[in-house]
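Please build the complete structure, drawing on both the sequences and the hints.
Taken in order, these protein sequences are the chains called A and B.
Each residue of the first sequence is one higher than the one before, counting from 1 in the numbering used here.
Each residue of the second sequence is one higher than the one before, counting from 1 in the numbering used here.
Please keep in mind that the hints were generated in silico from the structure rather than gathered at the bench.
Be a bit skeptical, because a hint or two may be false.
Said to hold, decoys possible - Just so you have them, the derived chain A footprint on chain B, three or more residues with Cβ under 8 Å:
1. 4-18
2. 28-35
What the hints assert, rightly or not - Pair by pair, the computed Cβ-Cβ distance ranges are:
3. B:R27 <-> A:V238: 38 to 44 Å
4. A:S262 <-> B:R38: 26 to 32 Å
5. B:E91 <-> A:H113: 35 to 41 Å
We put the CB at the ideal spot given by N, CA and C, even for glycine.
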Amino acid sequence: MKVSDFEAHELRHALKRDGVYLHIGSYVVHIKSRFKAVAQGLCLIYADYPLETATAFADFHVSIEKPRNLRRWFSPQAIFRFDNFKPFKPLPADQAFPFFEWGLNWCISTQYHKYLVVHAAVIEKNGYAVLLPAPPGSGKSTLCAALVMRGWRLLSDELSLVSLSDGAITPMCRPISLKNASIDIMRQFEPSAVIGPAAYDTSKGTVAHIRAPDASVARSQETAEPAWIIFPQYEAGVEAELNSHPKGSAFMKLAEKSFNYSMLGLDGFNAVTRLVERCACYEFRYSRLEDAIAQFEALFSSAAD
Amino acid sequence: MYDNPRWRADRNLQYKLWPDGVVVYDRRSGDTHYLQTRAWQILDQVSQAPCRESELVSRLAQNLGLPQEQLRSDITSLLADLHTLGLVEPENN
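What follows is the structure, given as structure tokens:
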């Protein structure tokens with residue numbers, strides 16, 4: 001069954017009781033929560049994802065709970081647990097759904113060591129995957145959202161899972177996290193995009209999640225071959241410009257942006273080496289999304305020729 | 001520290017050469033280093049056969065077709081850097 005097969009109240013009840021088992025690509029998350037916002041977020045943003053309510057195997061067991069002290073009622077808070085462990089301090093209750101998203105990112109980046117986990121968005125077209133590693137504020141998520149709204153397949157907005165054996169990218173197709181001005185930019189760019197409620201005053205400012213395209217979710221088990229590594233940087237007013245980036249430098253940037261490079265040891269070194277060897281590397285400056293999309297299309301066309 | 005030691009490379013190093021430099025992975029420490037050309041040339045020479053600094057200057061000068069005086073201070077400084085990073089060590093250690 002899919003999330004959309006459940007009525008909101010059924011999902012909320014299941015989340016409160018024994019939890020639900022959400023299938024996201026190659027992994028399963030067991031989620032428990034008494035927060036209405038979490039049930040609503042799942043209904044709206046994860047509508048197309050397979051879901052089970054019967055006990056099943058899960059890679060991650062998480063919960064977003066209400067505290068048992070006075071913070072349940074006064075300035076209410078949300079607590080994130082992973083395997084009964086609290087890796088973070090509580091957050092305001094109105095950030096319960098983004099907390100689930102951030103917590104799940106943390107679970108994957110700290111536990112999923114069968115992959116090299118790189119802090120990068122990944123999109124794909126006709127078998128060619130593009131990695132977009134970038135620091136916060138670079139416009140990575142906005143660019144990624146715009147490209148998937150124009151037909152590129154979303155593999156991940158945040159974490160690239162690179163196979164240690166063959167270098168293929170495993171999808172982790174989840175909602176794209178938009179921040180601050182990007183939320184309205186995407187509303188205008190693609191009015192049909194499904195964007196969840198905004199959470200205000202988070203550590204990242206105002207945050208909202210945009211639903212991954214159905215077509216991308218449907219291909220969540222399909223790996224892709226990396227073809228490009230592009231380091232994007234938004235700069236107001238600049239013309240879109242794509243320049244070759246030296247590979248040795250690209251290696252070091254990717255290693256820095258990998259959550260488990262050091263932990264993987266020689267396997268991490270070999271995985272980054274293989275990734276950089278097989279990809280063309282670029283740095284990309286842009287200001288207008290339509291120009292950026294045109295540049296990506298031109299790059300894709302040149303490779304397809 | 002011995003005077004004028006013969007330098008050798010750490011045997012636990014894994015290299016990847018790129019057009020803009022060399023990435024070196026040290027299996028012993030788990031550290032990764034990004035070396036520019038000249039530092040790599042020194043490490044490469046020392047990896048092939050342990051040698052003293054004066055021999056290194058002479059070999060590189062011959063290989064690169066440059067006067068020894070032009071290379072000497074660079075090599076002294078880069079050798080010290082490579083030693084600090086744990087990529088080369090005096091053979092008597």
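Here is how each hint holds up against the structure:
1. 4-18: Held - the segment 4-18 of chain B has 3 residues with a Cβ nearer than 8 Å to chain A, which meets the minimum of three.
2. 28-35: holds (count 3)
3. B:R27 <-> A:V238: 38 to 44 Å: Holds: the Cβ-Cβ distance is about 42 Å, inside 38 to 44 Å.
4. A:S262 <-> B:R38: 26 to 32 Å: holds (27 Å)
5. B:E91 <-> A:H113: 35 to 41 Å: Once the Cβ atoms are compared, 38 Å apart, the range 35 to 41 Å for A:H113 and B:E91 holds.
Consistency note: the structure conflicts with none of the earlier hints.
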